[in-house]
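Asker: Sequence:
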Amino acid sequence: MVELKTAEGTTKYLRSKGISPQEAVTTADALLSGSLDVFLLNKHHFVFDLICDRMNEFTGKDFKSWKLEPSLWKLWSTVWHLMGQSPLDLDARSQSFRRVKLVPIMTSVIEQADADALDAMFSCVGEFLVSGYIEADEYTVTGLLGAYAEWLEKHTNERVNNWTPVVIQLFELPRQSSNYKPTKKSTARYFANVLPHLLNFLSSDVDVSLKPTVELLAQQNRTFLFEVESAKTLCSHMDDVTAYESLTDAAVEYLFHEVIRNLAATDIASCESVFVSITKNEKFSQLSEKLLHFLAKVNRALSTDFFEQLYTTEMTRQPIRWGLVGHIISLSPELAQKKTDDIIKASESLSAEDINIVASSLAQGYILARDFDKFIGEVYPRALEANSAWSSDDVLDHLASKCDELSGNQIATLISEALKSSEKEKLVLLSRGLLRCSVSKQEASFKVFSDESYLQKGWSEVVYYLLCIYGDEIKTDDILKKVIPDGPSTKYDFFLTFRVAELKGDVGALKEKKIEKFVKKLSTNEAFAYAMRWLVLTDSFDSINTALLQKLAEGSSEQFLNFFTTEATLIYELPGFLTSLASFITKNPKFPYTKNLFCMMPSTIYRKFFSSFTDKLCKDALKDDEAKLILRHVFKDANGSSILEKDLDLFKKFTASDNSELTTQISQLIWNGHITRFKDSASADFVNNALKHLLKALKKKPAAADIRLSQVVLNGKRSRDPSFQASLEELCDAYVTFVTKNKEISDEEINVLANLPSPLSDKVRASLKALLKAAGKKDLSTQTKSSLFVLATKTSTSDLHGALFLCSLYLALQLDTPVLMDSLSAFFKTLSQEDFYELYLHLLASCEDANPSYLDPTVRLLSTLAHHLDKTHQKEHSKLFVSTISVISSRIEDIEEEQTIIGFLSALTVMLSDHVWIVSQYSVELILATVGIVFKKSQHRDSSTVFIAAISLVSYIVLFHRFRLTSRYHLLVAILVEAMKRLTRKEVTNEDATVFGRILVTLSEPPIQRSTKENDSLTSQSAIYKRAIRKQAHVLLINYVHMQVSAPLKSSVTDALMPGIYSVFGLLSKVELQLVNQLLDSSGKL
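Using our numbering, the first residue of the sequence shown is number 1, and each one after it goes up by one.
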């Protein structure tokens, strides 16, 4: 930096051409802060004037880039504040700032600078807007907004949320005048330079963090287009908007949506004009159909001229877009009828796909004109002459679906005319449509068929539909001879044959070979349709089933498996088809769906039809995981018939084939199956032989297969047979001895030890204690820690000392798994009454002042202990129950884990139903108070699961202990009001509202079983309960109304809640409802 000693030298240096903006800012900062040893009177005036001059520079090469320096904008902001501290400074600031062309400066910076410079600029200008006056004309601020919109189109930065309000404020400055009128020049600039960029930005997939910017710009754009400017202006400038080369399809759709949303209700003609302006541009012409669909959804009538113009334009272009033409005529009944001849003539050269579009659209136009009978009677026959594709299945399906638009008499008349003129195709359409009509319309047409004129050769499709509609009402004796005298050849010939056989209940006339050839010629989709309709009829024909399976297998895997899933209930009732399927799989070893089919079958079906595959699967499973997946499903109902269940050596080999969980699961299923069937001699022999072998092996040097098998046995079910129990106990001793000899014990071995049956022998207990002591010094996984803890519960002495040790260990482990609590619960059962009582008191005392990190496990221990309170010690244990509620409720706000609160609330819920003897008047009131604390103070009060658990607890009080609420309903209502407030939270679910509504129903309609003595007496228990709750129920309604006014619920939540609210309404009398009304003002507020 140049050495500056005088004021003159400093000012010359700062105004020199060679100085960089960074150097100038550094020097000016030093001058202003006093660190530069120079005296300059009104130095902040000089710096402010200097910055204003440099910012205003647009042409000179030396200074025009200064405005792009972020530090200069920060300095300008600093000096701006320095210049606002006295009237003299303010006057000088105003004079200097008046000559600053701020908006063009900002536009230039936006077009050239990076995000840091923009951030500094907008921060500075924001300060100007707060404490200064900025002059700006409409044209320049429009340019500023255009440059900003273009920047947003290309960049993404979260800081724009701070910038956008500044731009909008500047844009609105010229419009704040009371006599403001937009100029044509600035309006044209907005449509050409601002709107296209804004549309691209607003329609893009913008990050959710930019939502404030999107909403602000969208609202500003909406205001300009539809409030400041007129719809006529928008229409006249649409060519300027669409002229922008980079305008996207999404941007055009966004604009059209905005036009419809803001203009459709009052000016549908402008919407039509905007549509025409957009679609006449070749770039966006492909959006015509999509935009027309948006426009058609508006509940406003579109003009005939509009449709006529669209139709004419489209019919003159090449190629014609028949989808758009179809949409146009489907919306305009007048145009559809007017242009029918032209469309039929044009259809002569159309593809089947285009005809399907045209046919459905033209039919819709006639339906809107209420002339669909004219379409079928006159238009359809002419269309058939023009192109036979009008009789394709797709066209017929669509037109038939519309036949319900006709009245019964119209259908009957059309059928009668078609029969007289022998118009087969029209009859096919009408009969297919009649199949989908109501019964009354079908009955109205039945008399037309009385003369049997429909029984003509080749009319199998017509007759088939009639038999489907009327069934036995039509005589079937000579139908096949008259309609298909030469035997079936077409699809509907066969379908008619099948239908006749179905109605007669006789499949003897069906010719298997012919049907087999027919099935083989079907397409894949037709084969699936055939299977869903005729599978039962042809079940007894193996060759037909085989041909059908071959066809079905040619379809996609999704099609094939979906068919067997959705039609499972039918398929499993067809023995012939299942037998054919088994044979088909045998003959096609590479059939890809074997695993999927076997794994979805019920075990009874598999055993009856597919058990022959099991032995092969057992052998394949030694190397093939897919075979194992099948076996896992098959052996869920193991019956001991497979070689894997009979051959112990093979079973050992399979068990040791790998260490996968899948192999272990299968081995466990097989072993458990034998234990379940232990009374069967074969299973008993298998189990006893396995136990003898394992005892012998473990006493020597067991192989890996023996160890794996031992683990399967020890983890499996246990028989009550004394000999089995004795052998299993020996095996436990042998396994523990073997495992504890090893220096390194695997996690799997420890998990097996944790599953040993209790009680353990003294020898095993001693060995396991030594193992626990050694394992405590190692770094263990969570699963292993859990298993060791379970072992500790099985080896600890059943006294107070052992119980305190286990509880302390549980607190130290900080693990929350069901296995740990189950093992502790089993241990607590073994405690004497005195030890149990002392342990309970100890945990209650610990809970009162427990450190937050130990509070959750302590509460879980107390929740588990509560289940073991015993009626034989009712006096002492009732006090413990009350103390538990009192102590935990005082610490609820300190509980950190959601599951802990849910576990405590669930424990209380169970006690209310299973330990009724322990519940007193005081404990009921204490539980209600606890629920209130949960709703108000719990860290998890917004959790849906906590809410549901709390409401369930209150529901049990209402269901099982309502007699204790007779004079305490005010306590219950207060809790329900607090719960109702929780329904306004963001995280609320429909299930929350459903549960709350259910308790209101239960409260208002007590489920009391009346005795014959009470009958309908006014003094019944139900009447007493209702009379008591009516005194407080109005409070619920008042709070509900107030809540809906002050913080409205989601519509789905309200719907779920309404049954409960209606129940409360039904509870109150007219007078009580008037009281509710008086307690609310006219707006629904309290």
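Certain hints may be false.
Once the Cα atoms are required to be at most 20 angstroms apart in a straight line, the calculated EDC-like pairs of lysine to aspartate or glutamate come out as [unchecked claim]:
hint: 1; residue 1: Lys-679; residue 2: Asp-647
hint: 2; residue 1: Lys-345; residue 2: Glu-334
hint: 3; residue 1: Lys-717; residue 2: Asp-680
hint: 4; residue 1: Lys-1026; residue 2: Glu-1005
Label-pair ranges, simulated between beta-carbon atoms [said to hold, decoys possible]:
hint: 5; residue 1: Arg-985; residue 2: Ala-301; range: 42 to 52 angstroms
hint: 6; residue 1: Leu-1073; residue 2: Ala-845; range: 29 to 39 angstroms
hint: 7; residue 1: His-970; residue 2: Lys-1050; range: 25 to 35 angstroms
hint: 8; residue 1: Ala-218; residue 2: Arg-382; range: 45 to 55 angstroms
hint: 9; residue 1: Ser-967; residue 2: Pro-1059; range: 32 to 42 angstroms
hint: 10; residue 1: Asp-114; residue 2: Asn-42; range: 26 to 36 angstroms
hint: 11; residue 1: His-867; residue 2: His-970; range: 25 to 35 angstroms
hint: 12; residue 1: Pro-1059; residue 2: Ala-845; range: 39 to 49 angstroms
hint: 13; residue 1: Leu-959; residue 2: Lys-619; range: 56 to 66 angstroms
hint: 14; residue 1: Pro-1059; residue 2: Pro-757; range: 44 to 54 angstroms
hint: 15; residue 1: Lys-184; residue 2: Asp-114; range: 46 to 56 angstroms
hint: 16; residue 1: Arg-15; residue 2: Glu-282; range: 23 to 33 angstroms
hint: 17; residue 1: Ala-582; residue 2: Leu-959; range: 46 to 56 angstroms
Just so you know, the hints here were simulated from the structure itself, not pulled from any lab data. For every residue, glycine included, the Cβ atom is placed at its ideal position computed from N, Cα and C.
Asker: All hints are to be evaluated individually against the structure, with a verdict given for each.
Answerer: To see whether the hints hold, each was checked on the structure:
1. A threshold of 20 angstroms between alpha carbons decides the hint, and for Lys-679 with Asp-647 the separation of about 19 angstroms falls inside it, so the pair holds.
2. For the given pair, Lys-345 sits about 18 angstroms from Glu-334 by alpha-carbon distance, which is consistent with the 20 angstroms threshold.
3. Only pairs whose Cα atoms come within 20 angstroms are accepted, and Lys-717 paired with Asp-680 is accepted, the gap being roughly 16 angstroms.
4. About 7 angstroms separates the Cα atoms of Lys-1026 and Glu-1005, which keeps this hinted pair within 20 angstroms; it holds.
5. Our hint of 42 to 52 angstroms for Arg-985 and Ala-301 holds, since their Cβ atoms are close to 44 angstroms apart.
6. The hint said 29 to 39 angstroms for the Cβ distance between Leu-1073 and Ala-845, and at roughly 52 angstroms that hint is violated.
7. Hint check: His-970 to Lys-1050, Cβ distance near 29 angstroms, so the stated range 25 to 35 angstroms holds.
8. At about 51 angstroms, the beta-carbon gap between Ala-218 and Arg-382 stays in the expected band of 45 to 55 angstroms.
9. Evaluation of the 32 to 42 angstroms hint for Ser-967 and Pro-1059 yields a failure: the beta carbon distance comes to about 28 angstroms.
10. In this structure the supplied range 26 to 36 angstroms holds for Asp-114 paired with Asn-42, their Cβ-Cβ distance being about 34 angstroms.
11. Hint check: His-867 to His-970, Cβ distance near 31 angstroms, so the stated range 25 to 35 angstroms holds.
12. Range check, Pro-1059 to Ala-845: about 46 angstroms between beta-carbon atoms, so the 39 to 49 angstroms window is met.
13. Restraint check, Leu-959 to Lys-619: a C-beta distance of roughly 57 angstroms satisfies the suggested window 56 to 66 angstroms.
14. Look at Pro-1059 against Pro-757: about 50 angstroms separates their beta carbons, and that is inside 44 to 54 angstroms.
15. The beta-carbon spacing between Lys-184 and Asp-114, approximately 36 angstroms, falls outside the hinted interval of 46 to 56 angstroms.
16. For Arg-15 and Glu-282, the hinted distance range of 23 to 33 angstroms is not satisfied, since their beta carbons lie about 57 angstroms from each other.
17. Range check, Ala-582 to Leu-959: Cβ separation about 53 angstroms, and the 46 to 56 angstroms hint holds.
The structure fails hints 6, 9, 15, 16 (numbered hints given earlier, in ascending order).
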